[in-house]
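Order-wise, the sequence lines are chains A and B. The working numbering numbers the first residue of the first sequence as 1 and each following residue consecutively. The working numbering numbers the first residue of the second sequence as 1 and each following residue consecutively.
The set of hints was computed from the structure by calculation and includes no laboratory data. It cannot be assumed that every hint is accurate.
As the list claims (entries may be wrong) - With a Cα cut of at most 25 Å, we get these calculated PhoX-like pairs of lysine-lysine:
1) B:K371 - A:K218
2) B:K318 - A:K218
3) B:K152 - A:K218
4) A:K134 - B:K489
5) A:K134 - B:K496
6) A:K96 - A:K229
7) A:K229 - B:K318
8) A:K218 - B:K485
9) A:K130 - B:K318
10) B:K29 - B:K113
11) B:K496 - A:K100
12) A:K134 - A:K177
13) B:K223 - A:K130
14) B:K113 - B:K293
15) B:K496 - A:K218
16) A:K100 - B:K29
17) B:K29 - B:K415
18) A:K218 - B:K113
19) B:K371 - B:K568
20) B:K568 - A:K130
21) B:K92 - A:K130
22) B:K415 - A:K130
23) A:K292 - A:K336
24) B:K489 - A:K234
25) A:K234 - B:K568
26) A:K134 - B:K459
27) B:K263 - A:K134
28) A:K326 - A:K336
29) B:K445 - B:K421
30) B:K33 - A:K282
31) B:K152 - B:K489
32) B:K152 - A:K130
33) B:K113 - A:K229
34) B:K498 - A:K134
35) B:K293 - B:K263
36) B:K92 - A:K134
This is what each chain is made of:
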Amino acid sequence: MKESWISLPTIYMPMVGVPILLFAYTLSVLAGLHSIDRILLDLSMVGLLVFGVSGFRDVYIKHWKGKRTKLRPAVVLNKENQENAGKADAGARTVKFNVKRFNPDTQRLEESIYNVETDAFSNVLDGLLKIKTKTDPTLSMRYSCRMGICGSCGMVINDKPSLACETNVWENIKDEKITVAPMLGHPLLKDLVTDFDDFFEKHLFVNPYLFRNDLGEKYHPTQQYNQTKEQLDKFLPFSDCIMCGLCLDACPVVNTNQEFIGPQALSQAYRYYADSRDEAGKARLDHIDLLKGVWGCEFAASCSDVCPKGVDPAFAIQLLKTEIIKNDLIKSKESKS
Amino acid sequence: METLDFDLIILGSGIAGLTAAIHTTNASKGNVKIAVITKLHAMRSHSVSAEGGISGVLYPDETRDSTELHAYDTIKGSDYLADQDAVEMLVKNAPTEVRFFDHIGVSWNRDDKSHIQQRAFGGMSIPRTAFAADKTGFFMMRALYDEVSSMKNISIFHEHFAYGLLMDRNRFVGLSVIDLATGSSNIFKAKTAIIATGGASRLYSFTTTAHSTTGDGIALVYKAGLPLKDMEFVQFHPTALVPNGILITEAARGEGGYLLNSKGERFMEKYAKSKMELAPRDIVSRAIITEIKSGNGFKHEESGLGYINLDLRHLGEKMINERLPMIKEIAQKSINLDPIKDLLPVRPAAHFTMGGINTDTFGRVLVDENKTPASGLWAIGECGCVSVHGSNRLGSNSLSQCSVWGRIAGNAVAKYLEINKSSVSVSKEVAASEERKILDLFNRKGSTNPYFVKSELQKTMDENLYVYRNREDMMKARRRIADLKEAFKDVYVQDKGKIFNTNLRDVLEIENLLELAEAVTICAINRKESRGAHAVVEYPNRDDVSWLKHTIIYRTARGTGISYAPVKITNWKPEPRVY
């Protein structure tokens, strides 16, 4: 069966989560009974949790439990068997790379085909660097840390938005080749390099920093802010965002409506909202209670599927929606009494 | 060619650079106009790869720790080459910085009392390394980038590569910078600059550091005729994953991991009986190489590299998931091994540049060996040599160094600008000649592939200036580097496009690497003793009578010059270094 990157979470979430959420939302508005809307909200939270976990499970399985290349057994060093760094190994193998390059002069994608020597440990970034240093120095791509933490090398590999440095070549050969293309969800600059200006603007839109009133203590600290493990766990899963831009590339809404600020920024809005040290409070919710904010999300959840760090932005957005509804209910309750 | 005008240029957007930006802003109440120039996107600097944590004495009453003890550990770790007044500044200010990062959002691991947890690290007497899982650098960088983005006086110039340092005698006036997105080169002029471009571990091919760590800031200063200090001291981190060199944090051993040779022995017993796996990095690296050379290692067949094993299996799944999740992820994704179940193959890799731009204890760049500072120019973080690390840095002291001197330099710039208000100028001739440099590179007709020069250079350094050095190898390296410098004159930029031309950027980086490789080699040849990370086979002992001094290297019209500067000793007299 051909595997698609729009996979299980995409099905779970709209089918289970959206109905629950809408049901809760409609009824709680209609009812006006505070005890009931409380229950409904809790129910919706349970719903969210269930598919959030199931979605995460899918991502986990795809990232960790896939078929992996077999390793060779350990070989002991001795007098006859010395180190010989840099000597090519008999296990090397040539793989075809089809690279779709954006040509800034013609404004078109043009395909170049390269043969690249790889071994069992080569990732797609290694392959591209080999092309650049040995065959074609004009090839441009972003890269830096090569350990999946700087977020530079996001690109589309075999039709799936991925980090090149985390994608093993041998495990991802399809139809006897590796296909590499730039992320089309971002404006293109050259070859595999895309323009991140809009992406950074969207990130900044949610005021992504801790808001504090005690500026004296902030800049001249004397003690830590207290934070329990439980408080830490509330935002920790969402603080792993490396700003690689893959989620925006995968998001069907961003791709059709550039106004939508998208999964990356919204997940960061939740990250700061959920941090017990933040003093911005409900203002953060009002700021994104917009059609181009949380309500733009149609819950395709492809963002969570492609996120290389398991951040689950789709879940963060639904949590934000819940918080906003809860907040509205509290407000309406207060205005009635 | 345009000229842009600022009060302060910060070159480099890692932990040191961004911390300085924040503190300059705060100290000047937002009145200093700052340009942060970085060759990457600002949040992608190599600081994100720092794993294990940041050192600082946080709860002295509960842990019986003290800043004196932290200083002593650091100085002993440095093999007594650290300047002790600088170390005192480090240990005194480090706790404040850990708390500052708490205040801007770093998710420190906490204990049940909601205190910041601390873990053991190599060469430290007491666990004093605060950590956010094993992604400490990443969380610090994200918090800094987010904090900086809230400040209206700071403009970030992503993907701008600085290729010329412009000085008016001893005064900083500006930088020539190429914008990668458009290919246009511009002059950034400013009254002050803070260089914070990090280290040069990409001198080696087997390294823990990012592709971007090419020491550009150090080379800029060196090419402008200003001196560098202690360049022979390159730190090799004992546990880099084979075959890709990715860092397996020292915290893995801090949490209790073992190093095992091919006989299954915890061989560190032979080399550092009391500290075992938690001896300082230079000692552990030498132990590993000694084991491999004496036939007690393994061979990695695909890469041909020798290695020994890191055993974390007994730490258990819970501990690894909670405190070392990233190295688990990396081992699984990159070499298909799970530290919960498998042994990890590791060997020493280039990791940190202890030497760097010669600065005083306040981070001001010195124009000579005699404490004469340049006006308006600072160098902080890994690219500067204060020197707090001497000949061997202790793990987790680098993040404290970056943040402590980020604050010191940031505040100093704000003060400097209150007094020095006159603007600087860059003449039209200088601007034109800077622009010509790039045009010349483009138009040059050569036949040598720059990447061939780079890989040959890295091979030379890997083979000849690794953990153990000998005179013959070092002399060979020096000759080879001279040949490569000659070959570099014939390199060509094949990509003639203006937009995002990484071929051009790479050529500029390789030029920098060649300069620094030469400096490292010359400094290493001249130091006739073994101290910290510089272990020479012919001179196996430390020699405090002749060599308790910093190497200063500078470029003159007639080649390179070497001189020496004294080490500042305050309270801790050199003694034999036994662990």
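Status of the hints after comparison with the structure:
1. The suggested pairing of K371 (chain B) with K218 (chain A) is violated, with an alpha-carbon distance near 34 Å, which exceeds 25 Å.
2. At most 25 Å may separate the alpha-carbon atoms for a hinted pair to count; K318 (chain B) and K218 (chain A) exceed this at roughly 33 Å.
3. As the CA atoms of K152 (chain B) and K218 (chain A) are separated by approximately 18 Å, the hinted pair is consistent with the 25 Å bound.
4. Between the alpha carbons of K134 (chain A) and K489 (chain B) the distance comes to roughly 19 Å, so the proposed pair stays at or under 25 Å and holds.
5. Annotation: proposed proximity of K134 (chain A) to K496 (chain B) holds, straight-line Cα distance about 17 Å (limit 25 Å).
6. With a C-alpha separation of about 48 Å, the suggested pair K96 (chain A) and K229 (chain A) falls outside the 25 Å cut-off, and the hint is violated.
7. For the proposed pair K229 (chain A) and K318 (chain B), the alpha carbon gap of about 15 Å is at most 25 Å, so the pair holds.
8. With a CA separation close to 49 Å, the supplied pair K218 (chain A) and K485 (chain B) exceeds the 25 Å bound.
9. Distance check on the hinted pair: K130 (chain A) and K318 (chain B) sit about 39 Å apart at the alpha-carbon level, beyond 25 Å; violated.
10. Between K29 (chain B) and K113 (chain B) the CA atoms are separated by roughly 35 Å; this puts the pair beyond 25 Å, and the hint is violated.
11. Among the hinted pairs, K496 (chain B) with K100 (chain A) is consistent with the structure: their alpha-carbon atoms are about 19 Å apart, no more than 25 Å.
12. Of the supplied pair hints, the one linking K134 (chain A) and K177 (chain A) holds, its CA atoms being roughly 19 Å apart against a limit of 25 Å.
13. A C-alpha spacing of about 30 Å is found between K223 (chain B) and K130 (chain A), which places the hinted pair above 25 Å, so the restraint is violated.
14. At most 25 Å may separate the alpha-carbon atoms for a hinted pair to count; K113 (chain B) and K293 (chain B) exceed this at roughly 48 Å.
15. Restraint check for K496 (chain B) and K218 (chain A): not satisfied, since their Cα atoms lie roughly 49 Å apart, outside the 25 Å limit.
16. In summary, the hint linking K100 (chain A) to K29 (chain B) is not supported, as the alpha carbons are separated by about 48 Å, beyond the 25 Å threshold.
17. Restraint check: the Cα-Cα separation between K29 (chain B) and K415 (chain B) comes to about 12 Å, which is no more than 25 Å; the hinted pair holds.
18. Restraint check: the Cα-Cα separation between K218 (chain A) and K113 (chain B) comes to about 21 Å, which is no more than 25 Å; the hinted pair holds.
19. The straight-line distance between the Cα atoms of K371 (chain B) and K568 (chain B) is roughly 12 Å, inside the 25 Å bound, and the hint therefore holds.
20. Distance hint between K568 (chain B) and K130 (chain A) is unfulfilled; the C-alpha atoms sit about 47 Å from each other, more than 25 Å.
21. Proximity of K92 (chain B) to K130 (chain A) is assessed by CA-CA distance (about 47 Å); at most 25 Å being required, the pair is judged violated.
22. Between K415 (chain B) and K130 (chain A) the CA atoms are separated by roughly 48 Å; this puts the pair beyond 25 Å, and the hint is violated.
23. For a cut-off of 25 Å, the pair hint linking K292 (chain A) to K336 (chain A) is broken: about 30 Å separates their Cα positions.
24. For the hint linking K489 (chain B) to K234 (chain A), the alpha-carbon distance of about 57 Å lies beyond 25 Å, and the restraint is violated.
25. Restraint check for K234 (chain A) and K568 (chain B): the C-alpha separation of about 48 Å exceeds 25 Å, so the hint is violated.
26. At roughly 16 Å between alpha-carbon atoms, K134 (chain A) and K459 (chain B) fall within 25 Å of each other, so this suggested pair holds.
27. A hinted pair counts as satisfied when its Cα atoms are at most 25 Å apart, and K263 (chain B) with K134 (chain A) does not qualify at roughly 40 Å.
28. At most 25 Å may separate the alpha-carbon atoms for a hinted pair to count; K326 (chain A) and K336 (chain A) meet this at roughly 15 Å.
29. Using a Cα cut-off of 25 Å, the hinted pair K445 (chain B) and K421 (chain B) is violated, with the two alpha carbons roughly 45 Å apart.
30. At roughly 32 Å between alpha-carbon atoms, K33 (chain B) and K282 (chain A) are farther apart than 25 Å, so this suggested pair is violated.
31. For the hint linking K152 (chain B) to K489 (chain B), the alpha-carbon distance of about 43 Å lies beyond 25 Å, and the restraint is violated.
32. Proposed proximity of K152 (chain B) and K130 (chain A) is contradicted: the alpha carbons are some 41 Å apart, above 25 Å.
33. This hinted pair checks out: K113 (chain B) and K229 (chain A) have alpha carbons roughly 9 Å apart, not beyond 25 Å.
34. Straight-line distance between C-alpha atoms of K498 (chain B) and K134 (chain A) comes to about 21 Å, which keeps the hinted pair within the 25 Å bound.
35. For the suggested pair K293 (chain B) and K263 (chain B), the alpha carbons sit about 14 Å apart, so the restraint of at most 25 Å is met.
36. This hinted pair does not check out: K92 (chain B) and K134 (chain A) have alpha carbons roughly 50 Å apart, beyond 25 Å.
Checked against the numbered hints given earlier, the structure breaks hints 1, 2, 6, 8, 9, 10, 13, 14, 15, 16, 20, 21, 22, 23, 24, 25, 27, 29, 30, 31, 32 and 36 and satisfies all the rest.
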